[in-house]
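A.B. asks: Construct the entire structure; sequences and hints are all you get.
Here's the letter readout for the chains.
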Amino acid sequence: MFYRETGQFKTSYAADQQIFPIRQDRIGIGILLFVAFVVIPLTAGNYWFNAILIPFLIFALAALGLNILTGYAGQLSLGSAAFMAVGAYAAYNFQVRIEGMPVLLSFVLAGLTAAGVGILFGLPSLRIKGFYLAVATLAAQFFIVWCLTKFPYLSNNSSSGVISVPGVEILGFRFDSPQSRYLLVLTIVALLALAAKNMVRSTTGRAWMAVRDMDVAAEVIGIRLMRTKLLAFAVSSFYCGVAGALYAFCYLGSVEPDGFSLDLSFKILFMIIVGGVGSILGSFLGAAFILLVPIFLDIALPWFSELLHLPFDGATVSHIQLMVFGALIMFFLIVEPHGLARLWQIGKEKLRLWPFPH
Amino acid sequence: MQFFLEVMIGGLLSGVMYSLVALGFVLIFKASGVLNFAQGAMVFFAALSLVGCMEKGAPFWLALPLAFGIMTLLGIATEKFVLRKMVNQPPIALFMATIGLSFFIEGLAPMLWGNEVRRLDIGLVDEPIPWILDNWNMVISKFDLFASGLALGLVALLALFFQYTRVGRALRAVADDHQAALSIGIPLQHIWALVWAVAGFVALVAGMLWGARNGVQFALTFTALKALPVLILGGFTSVPGAIVGGLIIGASEKLAEIYIPPLLAGVFGGNFGGIEGWFPYVMALLFLLIRPEGLFGEKHIDRV
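Those protein sequence lines, which keep their order, are chains A and B. Start counting the first sequence at 1; every next residue gets the next number (my numbering). Start counting the second sequence at 1; every next residue gets the next number (my numbering).
The set of hints was computed from the structure by calculation and includes no laboratory data. Among the clues, some could well be false.
Pairs of lysine-lysine residues, derived as DSS-like cross-links and limited to a Cα-Cα distance of at most 27 Å, are as follows [to be verified]:
1. A/K129 - B/K85
2. A/K350 - A/K10
3. B/K85 - B/K30
4. B/K80 - A/K267
5. B/K142 - A/K129
6. A/K267 - A/K197
7. B/K30 - B/K80
8. A/K10 - A/K348
9. A/K267 - B/K56
10. A/K129 - A/K350
11. A/K350 - A/K197
12. A/K129 - A/K197
C.D. replies: Spelled out as structure tokens, the structure:
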């Protein structure tokens, strides 16, 4: 009843082109940001910050990166975890090797390093596409993780490539408590998500979508393929790189190359499939969903096993997890290829008409 | 030189095993245009089913058809519940669905058969052939030789099947053009179910050989991933390509593993083993830059 745009007249181009043209959406996002920035830090406990909120935001950022590449520019990548690894290790090296390096600057540099590596591995995309490219990005996945393990310089000569990051300190304030780390991650993710949202509705984003839908046709209408595709790789890897840096600095504290395995790449891919391929909101929904499913299973399975009098051990639970993930992916691809974001959109459409049928 | 030859032959022989997995990919890709990422999981599932049947007391000659039956069921179920529902979706969505499928199978297989590492005994031992060892002083594994013989036999059989049988002709027609095949009365759904069954059979043979060599374990799925660069080298649609690609990948990765780490260690110091893990992929990547359609693949023409 109240979700209507009736009477909201746009009298300027700026008003017409704003991100949220409907007033109720603006109010909604305002409330969401208020909750995220003010209510949650005041109320949530440490478990929530450490185990759910911080990883959720970081994975959402990585999913956002992959979504830009796969969802908007149509280039399937199975190497997002490797680009996260590049970000994590680059940030670490900038921090450790350069005296007095500001943390935020090292995050940006880490993102840029990842972008450079991304461009390098994106080069084949100029000649190949589809699953050929997916296999090519597997090369990035395996090669980068191997490099990080085998070149001691990259991990400052630590054994088997494990790095322990120094604490995060900005302008003399140490981000030690979970709340403060959460706020730092939230700020970065919110800013980058805003940037992504604006990017995908600009010329760049439209060019990406044109390339995704049919690259030959895009080339014919004057989009420079090489620039567009490589830009998508660069931006996507930048996001993944920053996510990786945050993963190391604000979430785990110490990471090893094997932590950024193919499984993590798949997890991020699943996030965008479940959340919605080609949707900013979808990256967040998907990250939340994929993170919450294992937690839900951990709680639900013992209950089930009691109900059915079947003993479930740890291995069985992990197998069931794999099966549930696989089944979910197939289910979403069959039933709703545009993911949760599309369901949300359908819900909004319904709400606009409610309580009338048409 | 002798050592070089020995490494290379060992590589070539293990390359045949990659070809075997790649063959499964090619079959499904040719007939339905789906790159079946789950082929690796199917190899794992097939090997586990075989071992599982044997543990339940079935002799080898009975366990083999049983496992084949299970693989056929799996293939038909996949076709019926996943692929049939996804017609008209872009190939990349199908590809992602098979990634989901591979997760599903990787969870299902140990649920059914247990997840400990098992030995699979098919009556062959991994020991050098004495005659070659005596005359040329080279270590060539009996097992590898048998495996390659079996793989080559399988390929020949498949080639004959595709070329000379009624079903094979129908398969080729479907591979060429779905709609045209449908319009001349080829039952598309039967054909697809059949292709999945054949791919399941190939997976079973591959799983049997890999399992007998390295034990039946989860790592089989990673080994099967190596078939992807093989496909890129050989081309996605070519059966001989899968063989040649497998040979190239097998030989080059073993040679790289032996000869590159000392070079790197000479420059940087330290231990650089494990090149095998990524070398095939990087090679495939570089190869793609030069010849995107693969050695034997068909040139891809885009229509706007």
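A.B. asks: All the hints need checking, so say for each whether the structure fits it.
C.D. replies: Going through the hints against the structure:
About 24 Å separates the Cα atoms of A/K129 and B/K85, which keeps this hinted pair within 27 Å; it holds. Straight-line distance between C-alpha atoms of A/K350 and A/K10 comes to about 23 Å, which keeps the hinted pair within the 27 Å bound. Straight-line distance between C-alpha atoms of B/K85 and B/K30 comes to about 19 Å, which keeps the hinted pair within the 27 Å bound. Taken as a hint, the B/K80 and A/K267 pair is honoured in the structure, with Cα atoms around 26 Å apart against an allowance of 27 Å.
Of the pairs offered as hints, the one joining B/K142 and A/K129 is violated, with about 41 Å between alpha carbons and a cut-off of 27 Å exceeded. For the hint pairing A/K267 with A/K197, the CA-to-CA distance comes to about 22 Å; that is within 27 Å, so the pair holds. The hinted pair formed by B/K30 and B/K80 meets the criterion: a straight-line CA distance of about 19 Å does not exceed 27 Å. Only pairs whose Cα atoms come within 27 Å are accepted, and A/K10 paired with A/K348 is accepted, the gap being roughly 21 Å.
At roughly 36 Å between alpha-carbon atoms, A/K267 and B/K56 are farther apart than 27 Å, so this suggested pair is violated. Between the alpha carbons of A/K129 and A/K350 the distance comes to roughly 37 Å, so the proposed pair goes past 27 Å and is violated. Taking the CA atoms of A/K350 and A/K197, the gap is near 24 Å; set against the 27 Å cutoff, the hint holds. With a C-alpha separation of about 25 Å, the suggested pairing of A/K129 with A/K197 holds against the 27 Å cut-off.
Of the numbered hints given earlier, the model fails hints 5, 9, 10; all others are met.
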